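Chain residues, written in single-letter form:
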Amino acid sequence: MSRTRSATTRKGRAASRTRPRGRLIVVEGIDGSGKSTQIQLLHKWLEARGIEVVFTEWNSSDLVRQATKRGKKKNLLTPTTFSLLHATDFADRLTYNIVPYLKAGITVLADRYIYTAFARDTARGVDPQWVRDLYAFARKPDAAFYFRVPIEVAVGRLLGSRAKIKFYEAGMDLGLSADPVESFRLFQGRVIDEYDRLTGEYGFRVIDGTKSIDTQQRQVRDLVRRLYDEQAQEAS
Amino acid sequence: MTRFFGPGLPYADIGDLKGVLITIEGTDGVGRSTQIVRLKQWLEVQGYGVIDTGWTRSELMSETIMAAKAGHTLNQLTFTLLYATDFADRLEKAIIPALRSGFVVLADRYVFTAFARSVVRGADPRWIRNVFGFALAPDMTLYLKIDVDTLMPRLLRNRRVDFWEAGMDMHLHTDLYESARRYQWRLIREYNRMSRQYGFTAVDAALDPEEIQARIRRKVQGLLEERRMQTLTDNLEALRPLLFEEAPAPAARGGRGAAATRPAGTQHGVPATAHQAVLVPAPRRRGDRPDA
Chain A
1462 MSRTRSATTR
1472 KGRAASRTRP
1482 RGRLIVVEGI
1492 DGSGKSTQIQ
1502 LLHKWLEARG
1512 IEVVFTEWNS
1522 SDLVRQATKR
1532 GKKKNLLTPT
1542 TFSLLHATDF
1552 ADRLTYNIVP
1562 YLKAGITVLA
1572 DRYIYTAFAR
1582 DTARGVDPQW
1592 VRDLYAFARK
1602 PDAAFYFRVP
1612 IEVAVGRLLG
1622 SRAKIKFYEA
1632 GMDLGLSADP
1642 VESFRLFQGR
1652 VIDEYDRLTG
1662 EYGFRVIDGT
1672 KSIDTQQRQV
1682 RDLVRRLYDE
1692 QAQEAS
Chain P
105 MTRFFGPGLP
115 YADIGDLKGV
125 LITIEGTDGV
135 GRSTQIVRLK
145 QWLEVQGYGV
155 IDTGWTRSEL
165 MSETIMAAKA
175 GHTLNQLTFT
185 LLYATDFADR
195 LEKAIIPALR
205 SGFVVLADRY
215 VFTAFARSVV
225 RGADPRWIRN
235 VFGFALAPDM
245 TLYLKIDVDT
255 LMPRLLRNRR
265 VDFWEAGMDM
275 HLHTDLYESA
285 RRYQWRLIRE
295 YNRMSRQYGF
305 TAVDAALDPE
315 EIQARIRRKV
325 QGLLEERRMQ
335 TLTDNLEALR
345 PLLFEEAPAP
355 AARGGRGAAA
365 TRPAGTQHGV
375 PATAHQAVLV
385 PAPRRRGDRP
395 DA
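Those protein sequences? They're chains A and P, same order as listed.
This note's numbering numbers the first residue of the first sequence as 1462 and each following residue consecutively.
This note's numbering numbers the first residue of the second sequence as 105 and each following residue consecutively.
FYI, nobody ran anything at the bench for these hints, they're computed from the structure.
These figures come from a predicted structure and were not determined experimentally.
Please note that the accuracy of each hint is not assured.
Now the stretches of chain P that chain A is said to cover, found in silico as 3 or more residues with beta-carbon under 8 Å [claimed, not checked]: (1) 107-120; (2) 250-258.
Straight-line distance between alpha carbons at most 27 Å, and here's what the computed BS3-like set of lysine-lysine pairs gives [what the hints assert, rightly or not]: (3) A:1530 x A:1564; (4) A:1530 x P:144; (5) A:1534 x A:1627; (6) A:1534 x P:249; (7) A:1533 x P:323; (8) A:1535 x P:323; (9) A:1534 x P:122; (10) A:1627 x A:1530; (11) A:1535 x P:197; (12) A:1627 x P:197; (13) A:1530 x P:197; (14) P:173 x A:1533.
Built from N, CA and C at the ideal position, the CB exists for glycine as well.
Okay, chain A solo, but in the shape it has when bound (with noise of 0.2 Å):
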């Protein structure tokens, strides 16, 4: 590390104070377990600090979304294509969306990232190695959280707030029962179970997510200010 330092010109030098490490916050839950909520709230305490946040979101890339949309709509979809194009999806974001911005020194805010499909992919059935070994090429987040709640908590939001749960999040694919309500409860379960499973695997930081809105905020805030704080004293 310090012969490379000193190679550089006095130019690189004073770019790479000036130009503090990216970082990259994720944060992991079912639907309903309010992450979404907590990573806007993140998002405008970090801005309001002066540090430049940019924001992605799980599919959201412009390369497969026809195809996702046609394979929803014609339910063409298996657990490995299923699989297979979110990958895409997330390969193309990080090529686009995650690293530069990084390598930028600018913040990256992702939610869901691939723990997500860990967790649901291996709920649908495929192989838990083949999906780790599918996302090899991703980058370690530097905090990872997860929003943790039961099934009922997650439940009760949804149908409070919007009124069709959606097919592939109820797991409808997989055929565990032809009610929406309980084939979300089934899934979603077992998405919780895989979770779980992750959580000490990779070492999330766990969120109860049945807590109040601002307490849950208040954990993650202090978290997230280590993050930066450990920066500051690396840069000292």
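Could you slot chain P onto chain A? The hints should help.
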């Protein structure tokens, strides 16, 4: 006979695949499709049910791949993953159902094309093989083998070489011909390595198309006869316990008592050969050089 490259499709009931999966590999412009058309006709005349499937022809992905290739935002990762998705869709929706119904499936390009294209673009060979761990191992891979100098005029003769066939995304050279030659040279080297690693059935693609077809037919004929003999043996094995169950009635003289003489390692007449294919990248060798 169900063999996968990796963990396969754990959630799917694959059942008994009675059909035969033959894949045709080889680089761009080597003459794969011409050979497939003629092979299909020949098999159908003999009474085989045949379906053919080709790269990027899936219902789910073909339009997306066309659109993606038209713009140039693809990188090695997204390129590979789009192909993998297309392949998975065809495998689950076309290839496996056809094999279950006893068809001969002719696949124009298979996972090896994805391996070659990704590896020459710098992908980790182990990663790309893991990605395709859900794929069925074919019964036979016909490899149309050619050297780059014989290939080049052929590649140019029929139509204009496109951006991707010339590997222009790899920035090997600004000149189209030079880029295409270098890119194809690398692809061929990768195919040659895999030919040894996976035991391809190589056919010299520099020969006259008639002669290539004749050689392909001989290889395929051999495979189909082998499979027919195997099926006969399996059926006999499956029938044996039934035959013996009725024979040793209490009054029967001597009682053969040999009902359990099925050879070890078989179950219900199906040989226990479902080992996974070994997927270790092969070391480089001089003989792989496409201009050698």
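Going down the list of hints, with the structure as the test:
no., hint, result
1, 107-120, "holds (count 7)"
2, 250-258, "violated (count 0)"
3, A:1530 x A:1564, "violated, 32 Å"
4, A:1530 x P:144, "violated, 35 Å"
5, A:1534 x A:1627, "holds, 12 Å"
6, A:1534 x P:249, "violated, 42 Å"
7, A:1533 x P:323, "violated, 42 Å"
8, A:1535 x P:323, "violated, 40 Å"
9, A:1534 x P:122, "violated, 32 Å"
10, A:1627 x A:1530, "holds, 13 Å"
11, A:1535 x P:197, "holds, 13 Å"
12, A:1627 x P:197, "holds, 24 Å"
13, A:1530 x P:197, "holds, 18 Å"
14, P:173 x A:1533, "holds, 23 Å"
Checked against the numbered hints above, the structure violates hints 2, 3, 4, 6, 7, 8, 9; every other hint is satisfied.
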